[in-house]
Amino acid sequence: MLQAALGFVALTLRGLVAGKRAWAAAFLVLAPPFFAGLAAVFGKHVQPLQLFHGFIFEFSLWFVVYLLALIYGIAMSIGEIEDGTAGYLYLSAVPKWLIVLIQMSVTAAALTVALFVNLLLTGLAALLGQGEIPHLMRDVLSCTLVGGAGIVVSLGYYVTCGMVFRTPTGALAAALIPTFFWEILMTSWPIKFAEFTLTNNMRGMLLPMVFNGTRTPLYKYVRNFHLPDYGEASMFLSFLAGIFLVTSMVAAMNRSIEGKEAR
Amino acid sequence: MIVRAEHLNKWYGRVIALNDVSVTMEPGITGLLGPNGAGKTSFMRILIGLMRESAGAIQVLGERPWNNPKLAVRIGYCPEHDGFYEGMTGRQFVTSLARIRGVKDCAAAARRAIDWVRMAEAADRKILSYSRGMRQRIKIAQAVVHKPELLVLDEPLTGSDPLVRQELIGLIKAFAQEGGSVIVSSHVLHEIEQLTKRIVLIHRGRLVAEGDVRHIRDLIDRHPHTVEVKADRPRELAAALAREPEVVEIRFDPSAVWVRTPHPDAFYAKLPKIALDAGAEVREISSPDDNLEAVFKYLTET
Chain A
1 MLQAALGFVA
11 LTLRGLVAGK
21 RAWAAAFLVL
31 APPFFAGLAA
41 VFGKHVQPLQ
51 LFHGFIFEFS
61 LWFVVYLLAL
71 IYGIAMSIGE
81 IEDGTAGYLY
91 LSAVPKWLIV
101 LIQMSVTAAA
111 LTVALFVNLL
121 LTGLAALLGQ
131 GEIPHLMRDV
141 LSCTLVGGAG
151 IVVSLGYYVT
161 CGMVFRTPTG
171 ALAAALIPTF
181 FWEILMTSWP
191 IKFAEFTLTN
201 NMRGMLLPMV
211 FNGTRTPLYK
221 YVRNFHLPDY
231 GEASMFLSFL
241 AGIFLVTSMV
251 AAMNRSIEGK
261 EAR
Chain G
1 MIVRAEHLNK
11 WYGRVIALND
21 VSVTMEPGIT
31 GLLGPNGAGK
41 TSFMRILIGL
51 MRESAGAIQV
61 LGERPWNNPK
71 LAVRIGYCPE
81 HDGFYEGMTG
91 RQFVTSLARI
101 RGVKDCAAAA
111 RRAIDWVRMA
121 EAADRKILSY
131 SRGMRQRIKI
141 AQAVVHKPEL
151 LVLDEPLTGS
161 DPLVRQELIG
171 LIKAFAQEGG
181 SVIVSSHVLH
191 EIEQLTKRIV
201 LIHRGRLVAE
211 GDVRHIRDLI
221 DRHPHTVEVK
231 ADRPRELAAA
241 LAREPEVVEI
251 RFDPSAVWVR
261 TPHPDAFYAK
271 LPKIALDAGA
281 EVREISSPDD
291 NLEAVFKYLT
301 ET
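Protein sequences appear in the order of chains A and G. Quick note: the first sequence, position 231, residue 231 per our numbering, numbers continuous. Quick note: the second sequence, position 76, residue 76 per our numbering, numbers continuous.
Think of the hints as simulated: they come from the structure by calculation, not from any bench. Computed from a predicted model, the values in this text were never measured in an experiment. Where hints are given, some of them may not hold.
Unchecked claim - Label-pair restraints from in silico Cβ distances:
hint, chain 1, residue 1, chain 2, residue 2, range
1, A, VAL250, G, LYS173, 53 to 63 Å
2, G, GLU6, A, HIS226, 51 to 61 Å
3, A, LEU176, G, ASP124, 38 to 48 Å
4, G, GLU6, A, MET253, 53 to 63 Å
5, A, GLY19, G, ARG125, 36 to 46 Å
6, A, PHE35, G, LEU128, 31 to 41 Å
7, A, PHE27, G, ASP105, 37 to 47 Å
8, G, GLU6, A, TRP189, 28 to 38 Å
9, A, ALA24, G, GLY37, 46 to 56 Å
10, A, GLY170, G, TYR268, 57 to 67 Å
11, A, SER105, G, ASP20, 52 to 62 Å
12, A, GLY170, G, LEU128, 21 to 31 Å
13, A, THR169, G, ASP124, 46 to 56 Å
14, G, ASP20, A, ALA26, 48 to 58 Å
Unchecked claim - Just so you have them, the derived chain G footprint on chain A, three or more residues with Cβ under 8 Å:
hint, stretch
15, 78 to 85
16, 93 to 99
17, 122 to 135
18, 244 to 258
Even glycine gets a Cβ: it sits at the ideal position worked out from N, Cα and C.
Construct all of the structure, not just a fragment, from the sequences and the given hints.
The structure is reproduced here in structure tokens:
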């Protein structure tokens with residue numbers, strides 16, 4: 001069984017760097033540093049620290065986290081089923097719940113590394129402007145930790161969607177609609193329950209780690225409600241990660257691999 | 001027995017894929033026949049544990065297949081549709097699948113399986129560049145790499161050219177001769193006919209018949225059989241045959257008479273005397289019903 005489990009690790013790693021999704025992920029990882037570099041070189045009165053924090057806030061720990069998790073979460077669940085490769089995977093010496101656990105763990109770790117690269121490159125690109133970033137590595141590592149938690153939660157949710165819904169359309173709709181209405185709208189336009197979005201919990205964790213507890217202008221949208229502190233946010237994200245991990249494993253155990261002919 | 005299904009049902013929403021299928025399959029090669037959409041693939045996927053039955057029960061090699069990894073590695077499965085990690089070479093593909101099935105020396109096992117399907121030369125090429133026949137063979141290689149007791153092949157011969165088809169038939173027979181059991185599906189009866197005489201017919205999710213060809217023919221004896229009689233005086237022979245109560249339909253051309261009869265045994269018994277009385281010399285008697293295609297047609301159209 002250990003041998004088979006290691007086989008899944010190797011297969012998952014291979015899947016991460018194969019196909020079009022790898023190009024999409026590379027774009028997501030490299031686009032923010034590219035634009036940060038452009039802004040640093042050609043922008044007027046651009047402070048590298050503000051630029052770096054701005055990119056973290058508006059891109060890396062928001063769209064990049066969600067989109068990376070979406071691409072790989074859907075690929076490893078309904079994508080494998082649609083491609084016909086799930087039939088091979090689920091006829092193995094490893095129970096389905098463990099297959100999902102291995103795939104998610106490996107993918108989350110790899111995406112966290114990708115996020116680290118994204119953050120570091122963004123910081124270095126911001127340094128092309130005039131000024132400095134006093135604690136670049138501290139900020140990068142802190143953001144990677146927080147972003148990693150966000151990746152685990154999002155990945156768990158998207159894999160659950162891919163396992164529960166029979167069609168790619170259904171899975172994508174279930175994945176994207178809450179992301180848009182709950183995460184993006186609620187976070188950008190804070191109203192009641194805004195403290196329960198994944199994004200605001202990540203931002204709550206960042207506050208003491210990167211911003212020394214000061215709500216900089218980046219936090220302008222969250223001045224009027226209670227932003228979870230580090231403890232509350234880490235608890236909330238851990239709870240969500242646990243819930244979605246379990247639901248994805250349970251969904252995998254109950255998922256029939258039907259194939260296209262069933263439709 | 002290798003498979004025992006009792007009142008097996010599978011439905012997708014309101015669509016019934018399998019309807020109260022009860023069947024047992026013995027070791028050896030068993031052919032699963034039915035037109036496209038008959039429920040063969042659904043049956044096979046339940047059988048190997050990829051799908052859960054909606055109702056009923058199934059046992060494969062004495063165990064329930066759903067969520068049973070221990071049983072899964074005793075089965076080899078070759079799906080109908082191509083699903084590959086296209087960026088891999090054939091060798092990487094087979095080795096990876098051997099590893100996740102817990103094979104200890106997976107590289108050696110993959111080499112053996114690849115040699116067995118005669119893909120050694122192309123094994124290090126990317127699957128993306130494989131022909132249809134190569135893809136079929138590499139799929140069979142992954143199905144046998146872990147030395148399964150039961151091989152489940154979903155339409156393995158579809159789309160193959162005659163040469164590849166003969167090679168694949170040879171491989172399937174060789175697997176069975178080495179002691180393995182095979183369940184192979186097809187919607188083309190003569191393909192199965194070359195592999196086995198033991199068949200299970202499925203149509204519209206229902207089990208239509210099971211057994212060997214002769215047994216199935218016995219089941220359909222109430223339906224007219226076609227008998228072709230080649231004779232030198234077909235017109236006279238046809239006139240004589242038309243008076244017989246066993247004959248329900250008759251047509252002829254200058255070389256032969258075709259008769260449809262629901263009682264072929266009685267017809268065969270009477271034919272020599274009828275031909276003698278009509279002064280016709282019978283050169284050859286054949287029944288297209290001996291071909292499985294006709295049997296299948298009878299059973300599924302009624």
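Let me make sure I understand: some of the numbered hints might not hold for this structure. Which ones are they, in numerical order? Numbers 1, 4, 5, 8, 9, 11, 13, 17 - these are the hints that the structure violates, sorted from lowest upward.
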